[in-house]
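Colleague: Protein sequence lines, in the order shown, are assigned to chains A and B. Oh and the first sequence: position 286 is 286 in the numbering used here, straight run, nothing missing. Oh and the second sequence: position 38 is 329 in the numbering used here, straight run, nothing missing.
Be aware that one or more of the hints could be misleading.
If the Cβ cut is set under 10 Å, some of the chain B residues that face chain A in the computed set are [to be verified]:
1) 329
2) 341
3) 377
4) 378
5) 382
6) 384
7) 390
8) 398
9) 422
10) 424
11) 426
12) 447
13) 473
14) 499
15) 510
16) 511
Here are some chain B residues pointing at chain A (derived, C-beta under 7 Å) [as the list claims (entries may be wrong)]:
17) 330
18) 333
19) 368
20) 404
Derived from the structure by calculation, the hints contain no laboratory data. Glycine included, each C-beta is placed from N, C-alpha and C at the ideal position.
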Amino acid sequence: MADLAWKSQGRTRRSTRTVRVAVSTVSTVTVAAVALAVLLVPPLVQLDQQAVDLSMKLRPPSLAHPFGTDDVGRDLLLRCVYGLRVSLLVGLVAALAATVIGTVVGAAAAVSGGWTDRALMRLVDTFSSVPHLLLGIFVVAMFRPGVWPVIVSVALTHWLSTARIVRSEVLSLRSRPYIDAAISGGATRWRVAARHLLPGVLPQAGLAAVLMVPHAMWHESALSFLGLGLPTHQASLGNLVQSARGSLLAGDWWPTLFPGLFLIIPTLAVAGLAGAWRERLNPRRRSELML
Amino acid sequence: MLELRDITAGYDRREPVVRGASLTVAPGEAVGLLGPSGCGKSTLAKVAALLHRPAAGQVVIDGEPVNGWRHAAPRTLRTAVGVVFQQPRLSADPRLRLRELIAEPLRAVGRSRAEAAARALETAEAVGLTGELLGRRPHEVSDGQLQRACLARALVLRPSWLVCDEMTAMLDASTTAALVNVVEDYRREHRAGLLAVGHDRVLLDRWCDRTVEWSRIAQA
């Protein structure tokens, strides 16, 4: 009986592990492919993504145009790659900025405590109480359409959760006896922060940042879809979906489907990678994985 | 002299856990403090190591009253009192290798990397840690080995006083004996004072010059 129980447990473990390895492999390959595509295609492929050919408008996928063409005859595969490039750039920069703001605010709140802590966290609550897409729309509405307003808008609305995570993590680390031991060993406030607190918090903040990249891409798309994000001539995944809206009703599915997939697939891949990373976060688990 | 005068201490605004505790440790003297768990002896140990601000009372080191606590305590005073806690797992930063863990106080007071490494190695050897063990991280060694590293970290700055808060509570008999011997060798060599806090009367009686009961030095 005990033997049987042990066996079945062993099998589940092995199969979940296989799934985990498969997910992380597929995610890694996808993310690598996305990175290669956005980095290499524009310099290597000497085709103009803006090239209009009205004789070729709204052609379904074919060998010459694997993703088909849009309503003014531009090649959709090329438009998607350029769109992904812009969306990814916005996502990366916005996520990085949001993480830096969140980490600084969260750490400052935890370390200073008292009134500063309370004031900062109430600020976070206030921001969180407004739907963040709405807040983001307010920000972009103040500027001319472009890449930077979108980045600012996404960064300013997405540092809140990181600030909460970092604050609670710092608070929990700060009460550990090894911090007492460091203080007793002559460490200054700065040394404790730099040597013990920050390295403890960074993996969490990094994970939050990675998970935020696809989220920020979706925000860019949402803003562009609403006509508030990037200028319409600039290919971004949101703009592509937006301009394809009309043709979808006429039965032309490809201008909507492919940009949509370009948005969904990297998102899933990043989520898969982040899951694998979370597994490796704690040092104990890391050495088990090495064995 | 390390003097604790009429210390009252607690946490936040709750009832104080230590009331009117007084205790003196002379240079070179080993004092055992014996008490049941939960009586407040760990809190008093943290006060003695300048890691916890008492609500009332005074800590006087070599005739100099202490006014700041934790980071606000002058570094020379803080490092004059070494401290070892009960649980090695919680007292060691999980990211540091034992070698770095032991060298950390030397780096914190501004010694060069090379000097810190050399002295850390020397101290590690004194507590019985050598070779490949020093390259491991806390979760890759046993409780006993980790506690040896924590003791080395406390001794590496050559403090004049050592506070051991239940240092051997998690350890087996032979490791306990080994660590007590390390502390005794250090004490003899540097004429350092020791405050050993614990609940094991047999151990403290054999280890220390005198053992005091918690009920004798503090109010109930």
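Colleague: Run the structure past the numbered hints and jot down the numbers of the failing ones, going up.
Modeller: 1, 7, 9, 10, 11, 13, 14, 15, 16, 17, 18, 19, 20
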